[in-house]
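Engineer: Residue numbers (our numbering), protein chains in the order written: chain Z, 145 to 557; chain S, 419 to 482.
It is worth saying that the hints were derived from the structure and are not from the lab.
In this text, a Cβ means the ideal position worked out from N, Cα and C, and glycines have one as well.
One should not assume that every hint holds.
Okay, derived cross-link-like pairs now, DSS-like style, lysine-lysine, Cα gap no bigger than 30 Å in a straight line [said to hold, decoys possible]:
#, chain 1, residue 1, chain 2, residue 2
1, Z, Lys266, S, Lys427
2, Z, Lys536, Z, Lys227
3, Z, Lys373, Z, Lys352
4, Z, Lys266, S, Lys420
5, S, Lys420, Z, Lys448
Simulated restraints on C-beta separations [to be verified]:
#, chain 1, residue 1, chain 2, residue 2, range
6, S, Ser479, Z, Asp363, 37 to 47 Å
7, Z, Glu341, S, Gln422, 20 to 30 Å
8, S, Gly454, Z, Asp233, 47 to 57 Å
9, S, Glu459, Z, Asp356, 47 to 57 Å
10, Z, Asp317, S, Val481, 50 to 60 Å
11, Z, Asp450, S, Pro439, 39 to 49 Å
12, Z, Arg276, S, Val481, 36 to 46 Å
13, S, Ser479, Z, Gln460, 34 to 44 Å
14, Z, Pro428, S, Asp445, 18 to 28 Å
15, S, Gln422, Z, Asn452, 45 to 55 Å
16, S, Asp445, Z, Glu274, 40 to 50 Å
These are the residues of each chain, in order.
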Amino acid sequence: MTTLDEKSIYGPVTNWQTDFDHADPSYNENAHEIWSELRGTCPVAHTERYGGTWLPVTHELVHEIAYDTEHFSSRGVVVATVKPSDLPDAIPAPIGGAPPITSDPPFHQDARRILLPAFSPKIIDLWEPEIRLLCRELIADMKAADVVDAATQFAQHIPVNVIARMLGFPPEDGSVFRGFVHDVLEAINLEPGKRAEAFMALDAYVAKQVQDHIDNPRDDLTNFLLNAKIYDQPLSLQHVGGSIILLLIAGIDTTWSSIGSSLWHLATNPVDRRRLVDNPALMPTAIEEFLRAYAPVTMARVVKDDYNFHGNEMKQNDWVLLPFPAANRDPEEFENADQVLIDREVNRHAAFGLGIHRCLGSNLARLELRVAVEEFLAAFPDFELAPDEVVKWSVGQIRGPRELPVRINARTL
Amino acid sequence: MKVQVDQSKCQGHNRCYAIAPELFDVDDMGNAFAIGDGVVEPHLAEKARLAVANCPEYAISIVE
Numbered sequence: 145m146t147t148l149d150e151k152s153i154y155g156p157v158t159n160w161q162t163d164f165d166h167a168d169p170s171y172n173e174n175a176h177e178i179w180s181e182l183r184g185t186c187p188v189a190h191t192e193r194y195g196g197t198w199l200p201v202t203h204e205l206v207h208e209i210a211y212d213t214e215h216f217s218s219r220g221v222v223v224a225t226v227k228p229s230d231l232p233d234a235i236p237a238p239i240g241g242a243p244p245i246t247s248d249p250p251f252h253q254d255a256r257r258i259l260l261p262a263f264s265p266k267i268i269d270l271w272e273p274e275i276r277l278l279c280r281e282l283i284a285d286m287k288a289a290d291v292v293d294a295a296t297q298f299a300q301h302i303p304v305n306v307i308a309r310m311l312g313f314p315p316e317d318g319s320v321f322r323g324f325v326h327d328v329l330e331a332i333n334l335e336p337g338k339r340a341e342a343f344m345a346l347d348a349y350v351a352k353q354v355q356d357h358i359d360n361p362r363d364d365l366t367n368f369l370l371n372a373k374i375y376d377q378p379l380s381l382q383h384v385g386g387s388i389i390l391l392l393i394a395g396i397d398t399t400w401s402s403i404g405s406s407l408w409h410l411a412t413n414p415v416d417r418r419r420l421v422d423n424p425a426l427m428p429t430a431i432e433e434f435l436r437a438y439a440p441v442t443m444a445r446v447v448k449d450d451y452n453f454h455g456n457e458m459k460q461n462d463w464v465l466l467p468f469p470a471a472n473r474d475p476e477e478f479e480n481a482d483q484v485l486i487d488r489e490v491n492r493h494a495a496f497g498l499g500i501h502r503c504l505g506s507n508l509a510r511l512e513l514r515v516a517v518e519e520f521l522a523a524f525p526d527f528e529l530a531p532d533e534v535v536k537w538s539v540g541q542i543r544g545p546r547e548l549p550v551r552i553n554a555r556t557l
Numbered sequence: 419m420k421v422q423v424d425q426s427k428c429q430g431h432n433r434c435y436a437i438a439p440e441l442f443d444v445d446d447m448g449n450a451f452a453i454g455d456g457v458v459e460p461h462l463a464e465k466a467r468l469a470v471a472n473c474p475e476y477a478i479s480i481v482e
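Make a model of the complete structure from these sequences and hints.
Structural biologist: Printed below as a string of structure tokens:
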């Protein structure tokens, strides 16, 4: 579901060093080449778009900014035509609109500790049978076809279903969630007024679900948040709604992208696909390598005050993109950084971020990714890109295939 | 040989726990700690080295 009339207020990019645009359709499609070129020329690209935005592309600089909460705020994490400082009623730092992802210290840690136990590895592992069953149901619906879209018929549904169950939201609202996710993460270059409309619709939807949980309490994350306390007080409804928006938005496109990119790699690399089918013991290193090489998430920060960052004159309220996927491809940090090696044993990747904002859902994302790849390979050991069909990549900070047509019974080996 | 997790650096990526559950465990918040006194039996030395080499936050160290 797309609720917005999509028309960028910016033109096509002609210079990635001085006028980049992460919402230009050619950015995600050619991301690895663009980062590699920028790494060689300027490690920090700049654009006047979105009110001024910076893009560091080395592991060292991304690492430095991720750790520097003194000069960089998380108050805004999606670079778009609307800045937090443009919104008169925006919740300021250190809380922000979707705690804890939009929060700064010291509030950040207190808000994060509320949610951490629900996403710790031992609690998340309990979801494995349900995720596996879900994958098998999706696969059963695809088996009769020759060509299927692994992104829209498979990958997309896994995180949507899991997060709906965790929050206790209606499972039939999957397409509604995907519409919101698209509006927030992909429709970023529209006129500011249109973007505000999308956020109002999202807030209204979440408020309705929260009210339903107040009226009809049950055992799920929404009621858990409604019962949670911070500084001995119940969370405000704004905090509850903001955290739900975080879980809804951050958990869907990201994992969907990661599953899609991993399947894209296996569809285009028959040797790796065959190795994984024949030797499932490679799965742990393969999953970490897919996370490194195809990390889906670029985060963002807002510059707190004018700041000279390694010779770059950053202005107060400028955006800074934090491309963890570019850091993961930096040859200064990784041997053979541009090669995908499914048996790579030393892999200190930053797919889930670095520092205090490490992805809260990383254990869930990793579980969904592993089970999805295992089940897809078990059902379709010989799949490949469908000839004459086109792979469509996302736009914006989350990178992954949005359409991935594959022939599921290919016989290439 | 012993492993140590620096609690001020660990952010809960859980790479060590996945690689070497014999040596590391995680608490309710998902943060890692070394099991027991961190002593590494010789047959787990390679796993200990991999846990160190894969920690994104450089939170794990080996003390001889």
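Engineer: Each of the hints needs a verdict: does it hold here or not?
Structural biologist: A quick look at each hint next to the structure:
1. With a C-alpha separation of about 21 Å, the suggested pair Lys266(Z) and Lys427(S) falls inside the 30 Å cut-off, and the hint holds.
2. With a C-alpha separation of about 28 Å, the suggested pairing of Lys536(Z) with Lys227(Z) holds against the 30 Å cut-off.
3. For the hint pairing Lys373(Z) with Lys352(Z), the CA-to-CA distance comes to about 21 Å; that is within 30 Å, so the pair holds.
4. With a C-alpha separation of about 25 Å, the suggested pairing of Lys266(Z) with Lys420(S) holds against the 30 Å cut-off.
5. Distance hint between Lys420(S) and Lys448(Z) is unfulfilled; the C-alpha atoms sit about 42 Å from each other, more than 30 Å.
6. Judged by the Cβ atoms, the range 37 to 47 Å given for Ser479(S) and Asp363(Z) holds: they are separated by roughly 41 Å.
7. Here the CB-CB span from Glu341(Z) to Gln422(S) is close to 52 Å, at odds with the stated 20 to 30 Å.
8. Checked against the given bound of 47 to 57 Å, the beta carbons of Gly454(S) and Asp233(Z), roughly 53 Å apart, stay inside it.
9. A beta carbon spacing of about 53 Å between Glu459(S) and Asp356(Z) agrees with the range 47 to 57 Å that was offered as a hint.
10. Evaluation of the 50 to 60 Å hint for Asp317(Z) and Val481(S) yields a pass: the beta carbon distance comes to about 52 Å.
11. Checked against the hint of 39 to 49 Å, the C-beta distance between Asp450(Z) and Pro439(S) comes to roughly 48 Å, which is consistent with it.
12. For Arg276(Z) and Val481(S), the Cβ-Cβ distance of about 40 Å falls inside the hinted range of 36 to 46 Å, so the restraint holds.
13. For the hinted restraint 34 to 44 Å between Ser479(S) and Gln460(Z), the CB-CB distance of approximately 39 Å keeps it satisfied.
14. With their beta carbons about 22 Å apart, Pro428(Z) and Asp445(S) fall inside the hinted range of 18 to 28 Å.
15. Between Gln422(S) and Asn452(Z) the beta carbons are some 37 Å apart, a value that contradicts the proposed interval 45 to 55 Å.
16. Checked against the hint of 40 to 50 Å, the pair Asp445(S) and Glu274(Z) fails, with Cβ atoms roughly 25 Å apart.
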